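Chain B: place on chain A using the hints.
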Amino acid sequence: MSGSSPEQTGWFSDLDPGDLEAATTAISEGEADRPEHWPTRAVQSGFATDEDDYYEALHEATLVATREAVRSRERADDQQLTHAIRAMDDTERTANELAERLAEWAGSLAERSGSDNGTRSTDALGGIDGARAVTEWTPQSPAEERVVSLARRVVDLDDERAELRSFVESHAPEVAPNLAAMAGPVLAARLLSLAGGLESLAKKPAGTVQVLGAEDALFAHLRGRGSSPKHGVIFTHEYVRGTHPDNRGSAARAFAGKLAIAARIDHYSGEYKQSVHDDLNERIRAIREREVGE
Amino acid sequence: MSLDLPTGVERRRFDGRGRLATRGDPVYGEPQDADGWRAWDAGRSKLGAMLELGMDVGLVGGEGVLYLGAASGTTVSHVADFAGPTYAVEFAPRPTRDLLSVAESRPNLFPLLKDAREPRTYAHVVEADLDCIVQDVATRGQARVALRNRQFLASDGRLLAAIKARSEDVLDDPETVFENTLEALREGYEILETQRLDRFHDDHLAVVAEPRSEMAAER
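Here the protein sequences come in this chain order: A and B.
Using the UniProt record's numbering, the first residue of the first sequence is number 1, and each one after it goes up by one.
Using the UniProt record's numbering, the first residue of the second sequence is number 1, and each one after it goes up by one.
Bear in mind the hints are in silico, worked out from the structure with no lab data behind them.
Given the structure is predicted, the values throughout are model-derived calculations rather than measurements.
Built from N, CA and C at the ideal position, the CB exists for glycine as well.
Among the hints, erroneous ones may be present.
[Stated by the list, open to error] Across the chosen pairs, the derived CB separations fall in these ranges:
#1 B:D35 <-> A:E238: 53 to 59 angstroms
#2 B:R140 <-> A:S108: 43 to 49 angstroms
#3 A:E238 <-> B:N180: 27 to 33 angstroms
[Claimed, not checked] Which bits of chain B does chain A cover? Going by a derived footprint, with three or more residues having C-beta under 8 angstroms, they are:
#4 81-93
#5 125-133
So that you can see chain A by itself, here it is in the shape it has in the complex:
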């Protein structure tokens, strides 16, 4: 209430007392440099008849506004992440597939053409990098025009894959802070996608989390063919892959156990909890210190 600086406006200014929709917007999107004694101001401006009336309106408006804000933040979240990681995998697979086709086609053209000599090498045509090289070609024939154009699509797809990845990396910690910190954002998103969302991941037992993504091996095992899988997609994590094969089963079990807990914390509380991460680090260290048979 320092009075000297410009007047601040409260959430209720220019608001029709019965208009909840406008109140929601005002509470969610409004701002002020500093607080004022809003109840008094609201009564002075005629928004409320007295302070009790103001608090009643405030209670109703904050409930509606906050419920709406929660809904829109949650709607945004785990399903969007699931879509993004699937799209990322699709773009990667498609880009590689097209790059293979392109390498074959471009190879047939690189050898016989000599016009922009030197820039066309036959041995660097494979993969996405090969496609990048082909986009530099100056097309000499209708066939080469198609090849260069195809190469551009491949490069675009690969760029999109990179964009999707950074989307996943920035959003996974918001959706599932503990899971993302423990597994890394990409693996966290993969687990969410395989389980069908945060809620269903939170309801899965650790043993299921351990073999998510290894369904083929798991069902082969259940039909009596082959041994039981030790790990599914969690294999991509350093805690599993970086552990000696003799101890990998233990590491995968410990890791999956904590991932299941992390998912439950993320779903039911949503707050970051350090102790679960410390426990896991300690456990993995203990597993790795074990003797391994030569």
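Positioned in the frame of chain A, the structure of chain B alone reads:
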């Protein structure tokens, strides 16, 4: 443990044990007695632990409160039972969903899905000259959060903060973290009392502080 509890908070017997309690709708499956009192679990609430340990929190009942880091509303439900207008700020959507149901039956509780590090985004709703800020945020820069929100406090208001060492630095010694945090807090607050909450909450320091009068409202 002889201290003046705020009006609306009483020591009642549950299962033969004297426990803090407030009156209101049950929230988290806490024990209730026949007169409508519900036990306040100090193990689940840092403010509850501060009262249990007999810290002089300066609450008498009926005050205006800004609660930062309200989470699912466990503690804030008790605060709203004995306080006046209570503004509850929480940043994560999932716990806020539970906070909403706590607020529904408490007309003096105003839930806000906002970031406590950005008071600008709620200064148009939360009133000035409040009697008390309760802070329990699990973020790095807890002292900064307290300093930025100082503008909501009356000059004789109180800051009741539970500083969580692990949120600042997991590896550092909690004592060092607490010292650094208190040092930063002194920029805008007079520290009145501190106490470790270890009996109820690991690696937490409870702080009671008053805004320093010579400093004009920051930001």
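- prompt: Of the numbered hints stated previously, which ones are contradicted by the structure, given in increasing order?
  reply: 2
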